[in-house]
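Protein sequences appear in the order of chains A and B. Start counting the first sequence at 0; every next residue gets the next number (numbering that gives the first Met the number 0). Start counting the second sequence at 0; every next residue gets the next number (numbering that gives the first Met the number 0).
Just so you know, these hints were derived from the structure itself, not from any lab. Not one of these hints is a red herring.
Distance condition first, Cα-Cα at most 20 Å in a straight line; then the derived SDA-like pairs of lysine to any residue: (1) K7/B <-> F235/A; (2) K11/B <-> V222/A; (3) K7/B <-> F191/A.
Computed from a prediction, not measured in an experiment: that's the story for all the values here.
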Amino acid sequence: MAQTRRSTARGLERVPRTAPVHVPDDEAASAAARRVRRRERIRYKIFTLGLGLDMPMLFLILVLLSVGLVMLFSASYAYAYYYYGNSYHFVLRQGMFAVLGVAAMLLISTFDYHHLHKFNIIVFGIAVLLLILVLVFKGTAIAPVKNGANRWINIAGLEFQPSEIAKFALILMFAHLIALYGPKMSKFRYGFLPFAGILLLIGGLIFLESHVSATLIICLIAVLMMFIGGTKMRYFVAIGSVGGVALACVLLFSDKFAYAMNRIYGWLDPFNPPEGVDTWQTVQSLYAIGSGQLLGVGIGQSRQKYLYLPEPQNDFIFAIVCEELGFIGALLVIILFALFIWRGVYISLHARDRFGMMLGLGITFQFGIQAVFNICVVTNTFPNTGISLPFFSYGGTALVMLLCEMGVLLSISRHSNIEKT
Amino acid sequence: MASSNMSKMWRKTIVITSVLIFFGFGVVVANLIHWQLVRGEELHASAVDQSLQSTELTPLRGTIYDATGKVLAQSASVWTVALEPNYIDQEEGDDVKIATCLSEVLGLDYEDVLEKTHQNSYFVYVKRKIETELRDEINAKIEEMEIGRGILLQEDYKRYYPYGSTASTVLGFTGTDNQGLAGLEIQYDEELTGTAGRLVSAKNAIGIDMPFQYDQYIEKNDGYNLILTIDETVQSIVEKHLAEGLEMWGALEGGTAVVMDVNTGAIIALSTKGDYNPNDPFTISEEAEAAIPEIVEEGVEDALEKEEQEINTLQLAVDTAETEEELAEAKEALESYDRMTSEDIAELRVTLEDEAYAAAQNKQWRNKAVSDTYYPGSVFKMITGSMALEENVATEETTYTCTGQWDFGGGIDPISCWNHNGHGLETFVDGICNSCNPYMIWLGQKLGRQTFFDYFEAFGFTKTTGIDLPGEASSLYYDVDGLNVVELATESFGQNFSITPIQMITAMCAVANGGYLVQPHVVDRIVDSDGNVVETTDTSYKRQVISEDVSERMTQILLRNATSESGKNGYVPGYRIAGKTGTSEKVALYWQEKAEGIDRGMQYIVSYGGYAPADDPQYALLVFYDEPQIGGASGGSQAGPIFAAIMEEILPYLGVDPQYTEEEYENLADEAPNVIGMTIGEAKQQLEEQGYGYTVVDYTGENEDEQTVYTQVPSPGASIPQGGTVALYVAEPEEESYVEVPNFVGCSLDDCNYLANISGVQIVISGSGSSGYAQGQDIAAGTRVKRGSVIKVSFVSSGGVETAGGTNAAAE
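Just chain A, same shape as in the assembly (with noise of 0.2 Å):
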């Protein structure tokens, strides 16, 4: 069994692919008693730079960063042209912060991430501290309130949504008490309060933001790694109901049950929205995608970027990738975070240990469910939604996040007992 691999800390030998060799039950509690001696010597290095990086995963983040630096810089120029006087407003940026965000990506894979272990507090306090100032200040200099909404929080001229540290926090929380309680997370006391309690706190400071999107994919990302961490599945099948019909009970009491049913008529038939309903967003984004076809009209050949798609650079860019590239490109792209999501996950499962286990399928979900979820809302398969498409979308500190979680991925492949090319 897992004993008999020599598997190393730094994961540097190639595991042999034999058979089981049988092991006499008292080598195998030597061997047992030696791997938590060698596990004890291990020292933690801040630099372990070059050594063991998963290349598939390191090339599939390249690669779309890439492909999503390209898109945006042909979804935005007419954008940027129009609004800002110049076509590569949005493309510099973007690519400024790209350089900034895969250096301290090389930077962070290099970094033990068990030192997060330590950092958890620190990291989950910093984000709820975030969550709590926005809505502190909500409508002021430190916290815009923008399009409605107050998500965004202005720290030294660095704007960012602090949920996408928040949602970092959390799968780093949870990967942490994950790890720590092992065995008991069937229980109740374990297993279940205390995450239902972080994930009440994180997801009510985003809920309070008004930012539906993002609070339904922290409570998916939380319930996953819950389950796969061991929660028993009653549970959610008791909070899934009754959640269910609080909220079924508050959209039909509140008087936003009418607007709501409207938004759903309009997702359902976005060419004929009731009065009231704006769905020219999703209009001009199926136009856009239709337009694309089997092979796509060529890259910046966009009709739809020239201002009928509102804001072509952030959420809805998939839709132009779909116009320019077609099918054929758009289903590209769709592979490309399918492998993503499939070497993430894959890097988790072997994983050196269940923490690192946890955190690489919580950053894994989180950006895979994202993707997924612009997709669908881009193509109307879900209601229209602030989810931005990842390594996409514009915005720059959302990038150098982004980036900074696949560090900790790689680091976490680093040490993981995977075959590295």
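Using the hints, position chain B against chain A.
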């Protein structure tokens, strides 16, 4: 435990991942297939559609020319000022700048414009149809004040009618979108409009061109031009006199006059007075506007009176109620009666005012000649007369005794002649010239209803003429089965059926031109913007109604009528006018008004229809006034002088030469002045002062006026027709300028005039008068004389020479 835990986690992870990848992306891919591959074409088309903006290229509306090439209606470029409020940068203060600029240049209210810049809209009109100079001014201001986006200046067209109200009811007018609203503008709207072109280009969502090669240009086709048969000069003359008469006779319902070429049906002039200026068609005349308050007050009074009556009725019901129930009901009805409040009355006033204004507009737009029907009255007698001659039920000499009325017998009220004393024994010619009703009734009865109706139909009274003008009214008449004895009698002298003036003049043309019912028309030809003829109106006649012989005979009778009988007010010396007066009673209106309790007496339509010259009819004219108030209503004394005044002015213009009768000549003949030895310039001046024409023969060099007159024809002191022409020679006449004297002997006066005219000589006559034939001439036929020489022709009384004129004269 740990490893089983781990493998559980593996399994769960793999399940979740699979779901995420295969289900999540699967749904997405399925959707992409739906949108891109299944509905791709459709969505692409919609996307292209929304980005393609087509700019309409307005075609230039065709020009309307008169017969001589004068422009009657023309479109010129103007500009429409609009705003794009949603693109106005208010932070830059552009709204204030725009409001300042436009209010200054266009003289608009600053606040109004400012309010428009704040509207939530992409397009708001500010002012339409401004001149190019103002547009340039706005453009200069935009640059000067550095105004950003927001003001739109679009090219448009405005219709101009250079001659103002001249021929307005024929031309019509156009609306703000250059669409025809009345007259020829609506009749030929399609031809005049042309087809719009289109410039299709790809625009982004804020209307700026996208860098795509989608531009597509569809050329516009300018509208066709119309060339009318109307001659502006004739039209103006007609309108001038018609308007004079309108004022002179105070015709309440206006007047109309039509000049028509009897042989082609071409309308040379058509006017309705009480018309409007097509440059400003919605403004009503001052008089009409001044009359509105009175109409409103009357309306209000009527309403109040009606209310009082109704209340009285209800009160009466209360007073006379017999049972309790009835009483209660009546009281209830009285109490619940909805009395007019002061607001109601104010509202009523506004409504009445609007109605009165609209009615005045409609009245001034109405082309009476085509859209109004009337009883033609005595003018119709020429038609009845023609029927009788054609059917041989009477000849010129057939006699009948008019006793002053026509008795039907059998208890039917008799019909009076206008002359209650009766005309006594009279011939057919007298019957017409006396405008005798019983004579016509007698003819009608002799014709019988079937024959009468057949001719009535053949003369085109049962169908619209199909003139190319909108709103032609249908006539009202008795069908053959309805033509009982009384109806036949009244129709015989032109009462009791309604036709349009255009029908009357068309029938009159048939009487004049040898019996052919021509197709009246206003448009001679349609040409495209390059001048190529698209369509020509061919002269067409529908049928021959009467023979040429009857036509000629009827003309002679009418000539006599106009020269010396009831129609002599329409007479113009030298122009041989054949004409008939008409005075018709508006009987139906009279009884209707009587029923409504209005008593303003019998109203009349007075008319005069005629044509000239009698020996070769060319132009017909019908003048009529509706409801004249000043002077006794009479076609002869009211429409006649106007007819004469118009004919006198238009016939020379239209190239009909005057041919004077002997009496006329006697008044006119004169001695030629002596201009020999003067310079030509001096001679011209002197001749002009004395009312003579002149012509310089055989001189083509320069400085004509400084040449000395070598000789003149006719010689000094020789007789010359009044207003005749003196030919001036600067040298001995060359052989070419001699003409041969024609043979006048045996010819009637008219024929003599004709011969002289074509030969280049002038004649004076001696002898016993116009009612004879030429017996001799002072210079023998075939002699070569100088052009312009005056030949003295001697006449004798008619005896054996059978000419139409002679017959007519003998019948006198």
